[in-house]
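Starting from the known structure of chain A, arrange chain B on it as the hints suggest.
Quick mapping for you: the protein sequence lines, in order, are chains A and B.
Heads up: the first sequence begins at 313 in the working numbering, then just goes up one per residue.
Heads up: the second sequence begins at 313 in the working numbering, then just goes up one per residue.
Output of the computed footprint for chain A on chain B, the stretches with three or more beta carbons under 8 Å from beta carbons of chain A:
no.	segment
1	452-458
2	559-568
Simulated coverage check for chain A against chain B, where a stretch passes if three residues somewhere in it have a Cβ under 8 Å from a Cβ of chain B:
no.	segment
3	442-449
4	453-467
5	534-546
6	556-568
No lab work stands behind these hints, which were simulated from the structure alone.
If you're wondering where the values come from, they're calculated on a predicted model, not measured in any experiment.
C-beta atoms are modelled at their ideal positions from N, C-alpha and C, and glycine is treated no differently.
Number of protein chains: 2
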Amino acid sequence: MIALGWAAGQGKRGAVVFGIAIHGGAGTLPRTEISAERERQYRLGLAEALDGGRSILEQGGKSLDAVMHAVAALEDNPLFNAGRGAVFTYDGRNELDAAIMDGTNLRAGSVCGVCHVKNPVELARAVMEHSDYVMLNGTGAEDFALSRGFALVPRSYFHTDERWRQLQRIRSGDIEPSALTISHVGTVGAVALDRHGTLAAATSTGGMTGKRFNRIGDSPVIGAGTYADNRCCAVSATGHGEIFIRAAVAHEICARVRCGGQSLAAAVHEVVHVELPGLRGEGGVIAIDRHGHIAMEFNSEGMFRAAVSAGGETQVAIYR
Amino acid sequence: MIALGWAAGQGKRGAVVFGIAIHGGAGTLPRTEISAERERQYRLGLAEALDGGRSILEQGGKSLDAVMHAVAALEDNPLFNAGRGAVFTYDGRNELDAAIMDGTNLRAGSVCGVCHVKNPVELARAVMEHSDYVMLNGTGAEDFALSRGFALVPRSYFHTDERWRQLQRIRSGDIEPSALTISHVGTVGAVALDRHGTLAAATSTGGMTGKRFNRIGDSPVIGAGTYADNRCCAVSATGHGEIFIRAAVAHEICARVRCGGQSLAAAVHEVVHVELPGLRGEGGVIAIDRHGHIAMEFNSEGMFRAAVSAGGETQVAIYR
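Okay, chain A solo, but in the shape it has when bound (with noise of 0.2 Å):
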């Protein structure tokens, strides 16, 4: 099912085209823990991530730009699991994993298991564009984040009552991991394709509640979660990450459209579709190719998703 499906370049009056396309996290997605009320929140949320960014693209910005804003606003609202609203380690801490990647000449740049900094998906910028390195961990991409001026915040800052208590019900064992819900596993991240023919992507997460022994999961790892390649498209994923590290989700749509001829379509649709059901893999990808035709598509029961083309309309959705 290609959730949404449509061509940037279709956009009205013939504009320069451009596109952008966000997620929320992906996963079971009970009916009952989402009022009425609570899923307006959810649509507000992205329709604001969303809005953020289709301004910078508007105006010409940059796609890099625009992925970044859009995942920092999701970040920032409590609702998602990445920056503020993280959810807790086994051990009780919010350990973040965020990545960027520009498209242009497959600049990356990932850190893992940070405690202290309030948008890691900037930090992860910082990492690609003032450091030797891609990947960079824990207390040592905290040091790089002081040396580049960045100001920590205390490990307090990423509390929330909803995600503890959604920790304390695994610790007592009251709910499987397997029963977990999109709000225990979620991710947020952000595609796009602006006027200048760039593409980019960036992935922030807070992982799954529970995680245990430092666990990286796929948002942070370049080709799993995220990818950026002007020749072909970006992606982003979210969803049991072991299994779309395993296969290699970002990088495989990429390639099917690069190596194999394939439309972004089709490659979003056999992987989400065919491979990822192959090994058990839950969840969804967005996806923006360069002639900026956008596919949002997920296995699981729902995915908060949003995009908006040049000339076109805003579109946000959660269910299928």
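Same frame as chain A, but now just chain B:
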């Protein structure tokens, strides 16, 4: 250039196909740094590591066991930058990364930034086989190691005077990172096909001398330095890790074979001699496909490497 390119299937007496290739790093390799005696030691270390893997395959053992034992042997050899003999970080620590992958079902395990694990490749395998995770990091990975009965070793186990002197030369500004030779940035790895038709890959490293900020390189990143998929091939990479992550080298080669219809030789050649130089990425890869074809290519001065197939002779090489 395909340094070693033959099909394991071409072995004598029509024996069932198997094959294994290993590497001990690639990079600038000034002949002045490598005395005849030292070269002999490198060749001996490679031959012994390969022989252990070959022996497992010959007796009908699993490719997963073969690559793990070959990599563990190289980790135990202080000549190579992995396990004992790992390079030092800027802060004077040894932070080890490793990954392993089973082509059967894309199962994978990976650890990064561990400081007290004698054979990180064995811990990566334990992550794959005995945890719900793929990628564990730092002290969390060591907690997991203890929970699995691994005996941790003191930091002093990894100390070698030669590596320590290399760090001092970098810290004093005596040499530029760009002048780093293979001995400062090496990696070890192995790929194998067993008689059951199963592919596996493993990679292990101490990273780059003088690395900072808990930098993670390509070795433990599934899809970058390590990948195995029975539908196509198994790959282990060595080189400038940041570039290898950005190009998703190991998965890129697999995707070219599986989706792009390229031969293993063509896929490896294009990635090593076209894609990587385009990003100024120096290094090489070893790969084996499901038919037993082996490719070992590099765009640097040299790559420590060795390979053997069913019924064939062991090949060991360093320079082009």
